[in-house]
Amino acid sequence: MNEEEFIEFFTQIEKLKTTIRHSWTSDKNRKESTAEHSWMLSMLALISLPKLGDNVDGLRILKLSIVHDFTEALAGDIPTHDQTDADDKQKNERAAKEKMLSNLPDDIAKEIDDLWEEYEAQETRESKIVKALDKIEVGFQHNTADFSTWNDEDKGYPINYAEKYSEIDPFLKELNRINMNWRKKKLSDGK
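If you want my numbering, it's the position in the sequence shown, counting the first as 1, plus 108.
Hint data in this document are derived by calculation from the structure and do not stem from the laboratory.
This one's a predicted model, so the numbers in the text were calculated from it and none came from an experiment.
Treat the hints with care, since some could be wrong.
Claimed, not checked - The calculated lysine-lysine pairs, modelled on DSSO-like cross-linking and capped at a C-alpha distance of 27 angstroms, are:
(1) LYS236 to LYS281
(2) LYS125 to LYS136
(3) LYS294 to LYS281
(4) LYS199 to LYS136
(5) LYS136 to LYS236
(6) LYS159 to LYS299
(7) LYS207 to LYS218
(8) LYS263 to LYS299
(9) LYS299 to LYS139
(10) LYS236 to LYS299
(11) LYS123 to LYS292
(12) LYS272 to LYS293
(13) LYS159 to LYS139
(14) LYS159 to LYS197
(15) LYS294 to LYS139
(16) LYS292 to LYS125
(17) LYS239 to LYS281
(18) LYS136 to LYS207
(19) LYS292 to LYS281
(20) LYS139 to LYS263
(21) LYS293 to LYS207
(22) LYS197 to LYS293
(23) LYS236 to LYS272
(24) LYS125 to LYS239
(25) LYS292 to LYS197
(26) LYS125 to LYS199
(27) LYS207 to LYS159
(28) LYS294 to LYS199
(29) LYS263 to LYS218
(30) LYS159 to LYS272
(31) LYS263 to LYS159
As the list claims (entries may be wrong) - Ranges between beta-carbon positions, derived for each pair:
(32) GLU275 to LEU167: 21 to 31 angstroms
(33) ASP196 to ARG233: 46 to 56 angstroms
(34) ILE267 to ALA203: 48 to 58 angstroms
Note that CB positions come from ideal geometry on N, CA and C, so glycine has one too.
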């Protein structure tokens, strides 16, 4: 591995820690980073694996969870309700991916590229599971945050946001049910 290229990749990927997302953390003082979101998604995937059955590749699910948003290190995060041009978002993320992967050895770059493309294509069971968990995790994070951090868009966001993604598995449906009930309670209690 070329030392300078590795340092460049590491410097780029580290930016996930400073790429700020829309969701607040539970302490009300700051929003979460993409790195924190990806970690929480990976943890949610890990605890879900035993419930997803034997017909899934657990290691692949974990890898997809880690890689799914890595392009945001350079492309930034755009909340769903702010996305107006999906083509621009995709173009920016692909450019970020190419720039970052150019600093890795071909075999490693290919694996990360393949994982990212698999997630984007949403054709495999594993990629669909990660997409569902990603949507559910976003809901869990909003629900964990203090209600005072919710803006009008957060309060008006569809309560069944992750439902269509979670339909592929009974356990994912159960996680989403928990998510929706938690959200309903937050909205009704106002806290």
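Cross-check of the supplied hints:
1. A C-alpha spacing of about 13 angstroms is found between LYS236 and LYS281, which places the hinted pair at or below 27 angstroms, so the restraint holds.
2. Simply put, LYS125 and LYS136 have alpha-carbon atoms about 18 angstroms apart, close enough for the 27 angstroms limit, and the pair holds.
3. A hinted pair counts as satisfied when its Cα atoms are at most 27 angstroms apart, and LYS294 with LYS281 qualifies at roughly 20 angstroms.
4. In summary, the hint linking LYS199 to LYS136 is not supported, as the alpha carbons are separated by about 33 angstroms, beyond the 27 angstroms threshold.
5. The straight-line distance between the Cα atoms of LYS136 and LYS236 is roughly 31 angstroms, outside the 27 angstroms bound, and the hint therefore fails.
6. Taking the CA atoms of LYS159 and LYS299, the gap is about 31 angstroms. The hint is violated against a cut of 27 angstroms.
7. Simply put, LYS207 and LYS218 have alpha-carbon atoms about 13 angstroms apart, close enough for the 27 angstroms limit, and the pair holds.
8. Straight-line distance between C-alpha atoms of LYS263 and LYS299 comes to about 11 angstroms, which keeps the hinted pair within the 27 angstroms bound.
9. Only pairs whose Cα atoms come within 27 angstroms are accepted, and LYS299 paired with LYS139 is accepted, the gap being roughly 18 angstroms.
10. Between LYS236 and LYS299 the CA atoms are separated by roughly 32 angstroms; this puts the pair beyond 27 angstroms, and the hint is violated.
11. Under the criterion of a C-alpha separation no larger than 27 angstroms, the hint pairing LYS123 with LYS292 is inconsistent with the structure, at around 34 angstroms.
12. Of the supplied pair hints, the one linking LYS272 and LYS293 holds, its CA atoms being roughly 21 angstroms apart against a limit of 27 angstroms.
13. A distance of roughly 30 angstroms separates the Cα atoms of LYS159 and LYS139; the hinted pair therefore is violated under the 27 angstroms criterion.
14. Note on LYS159 and LYS197: the hinted pairing is violated, with a Cα-Cα distance of about 33 angstroms set against a maximum of 27 angstroms.
15. Restraint check: the Cα-Cα separation between LYS294 and LYS139 comes to about 19 angstroms, which is no more than 27 angstroms; the hinted pair holds.
16. Of the supplied pair hints, the one linking LYS292 and LYS125 is violated, its CA atoms being roughly 31 angstroms apart against a limit of 27 angstroms.
17. A C-alpha spacing of about 13 angstroms is found between LYS239 and LYS281, which places the hinted pair at or below 27 angstroms, so the restraint holds.
18. Proposed proximity of LYS136 and LYS207 is contradicted: the alpha carbons are some 34 angstroms apart, above 27 angstroms.
19. For the hint pairing LYS292 with LYS281, the CA-to-CA distance comes to about 16 angstroms; that is within 27 angstroms, so the pair holds.
20. Note on LYS139 and LYS263: the hinted pairing holds, with a Cα-Cα distance of about 17 angstroms set against a maximum of 27 angstroms.
21. For a cut-off of 27 angstroms, the pair hint linking LYS293 to LYS207 is broken: about 44 angstroms separates their Cα positions.
22. Distance check on the hinted pair: LYS197 and LYS293 sit about 34 angstroms apart at the alpha-carbon level, beyond 27 angstroms; violated.
23. With a C-alpha separation of about 11 angstroms, the suggested pairing of LYS236 with LYS272 holds against the 27 angstroms cut-off.
24. Only pairs whose Cα atoms come within 27 angstroms are accepted, and LYS125 paired with LYS239 is accepted, the gap being roughly 21 angstroms.
25. A C-alpha spacing of about 31 angstroms is found between LYS292 and LYS197, which places the hinted pair above 27 angstroms, so the restraint is violated.
26. For the suggested pair LYS125 and LYS199, the alpha carbons sit about 22 angstroms apart, so the restraint of at most 27 angstroms is met.
27. Note on LYS207 and LYS159: the hinted pairing is violated, with a Cα-Cα distance of about 37 angstroms set against a maximum of 27 angstroms.
28. At roughly 37 angstroms between alpha-carbon atoms, LYS294 and LYS199 are farther apart than 27 angstroms, so this suggested pair is violated.
29. Restraint check for LYS263 and LYS218: not satisfied, since their Cα atoms lie roughly 41 angstroms apart, outside the 27 angstroms limit.
30. The hinted pair formed by LYS159 and LYS272 meets the criterion: a straight-line CA distance of about 19 angstroms does not exceed 27 angstroms.
31. Of the supplied pair hints, the one linking LYS263 and LYS159 is violated, its CA atoms being roughly 31 angstroms apart against a limit of 27 angstroms.
32. Distance hint check for GLU275 and LEU167: the Cβ-Cβ separation is about 24 angstroms, which falls inside the suggested range of 21 to 31 angstroms.
33. Checked against the hint of 46 to 56 angstroms, the pair ASP196 and ARG233 fails, with Cβ atoms roughly 30 angstroms apart.
34. The supplied range of 48 to 58 angstroms is broken by ILE267 and ALA203, whose beta-carbon atoms lie about 35 angstroms from each other.
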